[in-house]
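There are 2 protein chains.
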Amino acid sequence: MKVQSLRIVISSARKFINMGALTHLWNLVKNFHAVDISSLMDHLTSREKLILFNTLYENGKEKSAEVLSELDAEDAAHMLQELQIDQISDLFQMIPSDDAAPILQLLPDDLKESVLSAMEEKPSEDVIELLHYEEETAGRIMSPDFYALNENTNVSDTITAMQLEGHVESAFYLYVIDNQDHLVGVVSLRQILFARPNTPLKDIMTKDVISVHTETDQEEVARNVADYNLVAIPVVDSEHKLVGVVTVDDVIDVIDKEATEDIYKMLSLDTSDRVQDSPFTSIKKRLPFLLLSLLTASLAPLVVNHFKGTIEQVVTLAVFMPLVAALGGIAGNQTIAIIVREIAIGQTEWISARKALLKEILVGFGNGIILGSILAVISYLLIKNPYLGLVLGTAIIINLFIAALLGTLIPLFLKLIRLDPALGSVNLLTMCTDSIGFLSFLGLGTLFLRHLS
Amino acid sequence: MKVQSLRIVISSARKFINMGALTHLWNLVKNFHAVDISSLMDHLTSREKLILFNTLYENGKEKSAEVLSELDAEDAAHMLQELQIDQISDLFQMIPSDDAAPILQLLPDDLKESVLSAMEEKPSEDVIELLHYEEETAGRIMSPDFYALNENTNVSDTITAMQLEGHVESAFYLYVIDNQDHLVGVVSLRQILFARPNTPLKDIMTKDVISVHTETDQEEVARNVADYNLVAIPVVDSEHKLVGVVTVDDVIDVIDKEATEDIYKMLSLDTSDRVQDSPFTSIKKRLPFLLLSLLTASLAPLVVNHFKGTIEQVVTLAVFMPLVAALGGIAGNQTIAIIVREIAIGQTEWISARKALLKEILVGFGNGIILGSILAVISYLLIKNPYLGLVLGTAIIINLFIAALLGTLIPLFLKLIRLDPALGSVNLLTMCTDSIGFLSFLGLGTLFLRHLS
Chain S
1 MKVQSLRIVI SSARKFINMG ALTHLWNLVK NFHAVDISSL MDHLTSREKL ILFNTLYENG
61 KEKSAEVLSE LDAEDAAHML QELQIDQISD LFQMIPSDDA APILQLLPDD LKESVLSAME
121 EKPSEDVIEL LHYEEETAGR IMSPDFYALN ENTNVSDTIT AMQLEGHVES AFYLYVIDNQ
181 DHLVGVVSLR QILFARPNTP LKDIMTKDVI SVHTETDQEE VARNVADYNL VAIPVVDSEH
241 KLVGVVTVDD VIDVIDKEAT EDIYKMLSLD TSDRVQDSPF TSIKKRLPFL LLSLLTASLA
301 PLVVNHFKGT IEQVVTLAVF MPLVAALGGI AGNQTIAIIV REIAIGQTEW ISARKALLKE
361 ILVGFGNGII LGSILAVISY LLIKNPYLGL VLGTAIIINL FIAALLGTLI PLFLKLIRLD
421 PALGSVNLLT MCTDSIGFLS FLGLGTLFLR HLS
Chain F
1 MKVQSLRIVI SSARKFINMG ALTHLWNLVK NFHAVDISSL MDHLTSREKL ILFNTLYENG
61 KEKSAEVLSE LDAEDAAHML QELQIDQISD LFQMIPSDDA APILQLLPDD LKESVLSAME
121 EKPSEDVIEL LHYEEETAGR IMSPDFYALN ENTNVSDTIT AMQLEGHVES AFYLYVIDNQ
181 DHLVGVVSLR QILFARPNTP LKDIMTKDVI SVHTETDQEE VARNVADYNL VAIPVVDSEH
241 KLVGVVTVDD VIDVIDKEAT EDIYKMLSLD TSDRVQDSPF TSIKKRLPFL LLSLLTASLA
301 PLVVNHFKGT IEQVVTLAVF MPLVAALGGI AGNQTIAIIV REIAIGQTEW ISARKALLKE
361 ILVGFGNGII LGSILAVISY LLIKNPYLGL VLGTAIIINL FIAALLGTLI PLFLKLIRLD
421 PALGSVNLLT MCTDSIGFLS FLGLGTLFLR HLS
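Chains as they are written, first to last, in this note's numbering: chain S, 1 to 453; chain F, 1 to 453.
Hints should not be assumed to be uniformly reliable.
Identical copies look the same in the list; a pair holds intra-copy or inter-copy alike.
As the list claims (entries may be wrong) - Calculated pairs, DSSO-like style, for lysine-lysine (alpha carbon to alpha carbon, straight line, at most 27 Å):
hint, residue 1, residue 2
1, Lys61, Lys112
2, Lys49, Lys30
3, Lys202, Lys63
4, Lys30, Lys63
5, Lys285, Lys355
6, Lys415, Lys257
7, Lys308, Lys384
8, Lys15, Lys30
9, Lys241, Lys207
These are calculated hints, taken from the structure and not from any lab test.
All chains, full assembly: derive it from the sequences and hints.
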């Protein structure tokens, strides 16, 4: 929806809600796509959201279920707690179980139990099963609804079987299993459309099926779908039996989330921090990182404190300190961005880590020499003291070298100890480039003290 | 492919290439997925790449074409220049035109002409047409191959027509057009599979088709596919005639690229900078940003220079300077990360910009008061001077407030003047937080000078 029209829709919707004109409200939204209704709800208060959702439910259950699928799990769980148990279980039966599971998990335990027991057996079991898998794995994000038939089924029976199966969430492939339920092949709907009715599936199926395990990390699932240009990837258990399918729309959500998380973790933010959060919530989420930063940022003052005597004699050193720190930080951030992203997109394996390190060091050294020389000349022209130029230039070279070295090693080290390579990396790096930058700059300054003062 | 096996494959491939054992080479790779062969090629020298590619071409043209589709356009163009014109045009006829166009564009003009004239009419026209659209638009990334039939066609004729059409890149939908070629509906292959043979398409099609224009920005195309959970989106021209289809695999590439670009632009990197680039190339790509940073980073020394007299009398101020700068920078980065990402995922429209600004200011102010108080107490305990605590605490509060204000305004302002909201934002912010931080800290220090020394 365009911004302009969204603005009008929001104000109309609010007006209708507050006037209690629910028929007008329903007429306003009934032809909207569920995605657009969910964007609209982002701009409403909790009370308004609830009224809109109830209006949808009463006038068109299907629509309200579609909207529920589109909402953030947190938002959805928050809203559902205001509804009747029957209504919640009814809605959960209408949405795909991979959308229901994360919402259900956020409900209070007693409500969760009541809702599950009010649901019919099959959907309730599906949801419970998904919740058994660990978060952020293929098992958790897969849909247990898919088309799977025995390899000996012929095309004509396949079509009948699919029709009987009814609605399956975005089904573009039919999976083929053997007598022991093992995944053995895949057939596209197009292949079925073009095949002769009596051909068995095993004669038209593609045998090299790319699949993932239930416990595969969701980012690896996403990388597989992206790399092999798939629209869905089958999920198998430890016995290679087909248990679910992850579709490309869920993969896009993972990729978006992963990219945001990379940025957030690099810049020390809680990954759940959002513009829509209340100021109080955001303060609570950011404060721990800031307190941690207070600790890492305290290393540099300790270094500077050591050189108080030098600064007292040559105050000009204090003037150039921010420049040494800033350039080291910026060059280091460049290296971190490269390494973190290449790890995320799966380009940098250990096989090439050494190559990457060597390269970054050369780049840091090269840029250090260029920037250091420029600064040496400029500071000489300004201060007319060649030793200051020498001290500043050398400190810049050292700091850019360190920035490149640690900009590569910090993410690789974080990955090695099984943390996220991006986690607080920019902060950690700034701590090092600030401290080592001041150490080399003020240390060299002390060494050449009699030429500077 | 797992890292361990990739390592073995690379060393075997290199051995075979260098021994000239090309039959062994072919046997090694012939059953690999094209994606895996392209990853393998990332680890080979240009000469080795060329030998491997020629081996593929001679033993299995189809495979070499698939690999070509998977390569980076730059890599592919580089390699193709070593091949015969006939061979290049032959390959271009085998790959989808949306993969061919970006490669072709990178070839030298005379080679491009020769290749186009050596190609058959249809594929050559398709490629030329794609090149007419601006870069990073739907027109440029769409595939001109799709299934489209008149709304009056019945299901049985539809199946026959699709069979005659032959191979269409990842076709999951059939588009429905009216007598004037306007896009009027969409039918999934599943709907065709289940419909009765004599039903006309207009009776089973979905009428509300979400489509984009040829000139729609590729990021907006990606957002549409992501938001509406599509696997392909039709592209129409100014007369609403169907001219192409963007598939979800291309959308994932756009989303990946967009996320990397956000990070790169925030941290002042050229978006084409890669781990695989030579050190010299990377120095060239990063130097302009560093030189620009040199300029922005020079504002802080100017501010500090103004307060040389104060620092001379109270050197302890120089000790705490890095802390003021670091905390302002980190808090500002947090705000920037939030705003840039929310703009990218399309959450922050102008409608909520004011709300976001107000919220961030409250967060900055809140965290500023907490951190400022903590630092005031700590510095008092260390230095036993209440005025230093007051000066430091107040400077932190001011700097975190400024960080929040500018962390929100910088990306929004960059967006307003139609630049990328992420572009150099972290650098710009650091310039401001460093300068304003020092200004308030040293300014307050000067004000309370007689209590500090």
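Right, here's what the structure says about each hint:
1. Lys61 / Lys112: within (21 Å within a copy, 57 Å between copies)
2. Lys49 / Lys30: Close inside one copy (15 Å), not across copies (57 Å); limit 27 Å.
3. Lys202 / Lys63: between (39 Å within a copy, 23 Å between copies)
4. Lys30 / Lys63: So Lys30 and Lys63 pass the 27 Å test inside one copy only (8 Å; across, 49 Å).
5. Lys285 / Lys355: between (38 Å within a copy, 19 Å between copies)
6. Lys415 / Lys257: Result: close both inside a copy and across copies, 19 Å intra and 22 Å inter.
7. Lys308 / Lys384: Both. Shortest intra-copy (23 Å) and inter-copy (18 Å) distances satisfy the 27 Å Cα cut-off.
8. Lys15 / Lys30: within (17 Å within a copy, 65 Å between copies)
9. Lys241 / Lys207: within (15 Å within a copy, 39 Å between copies)
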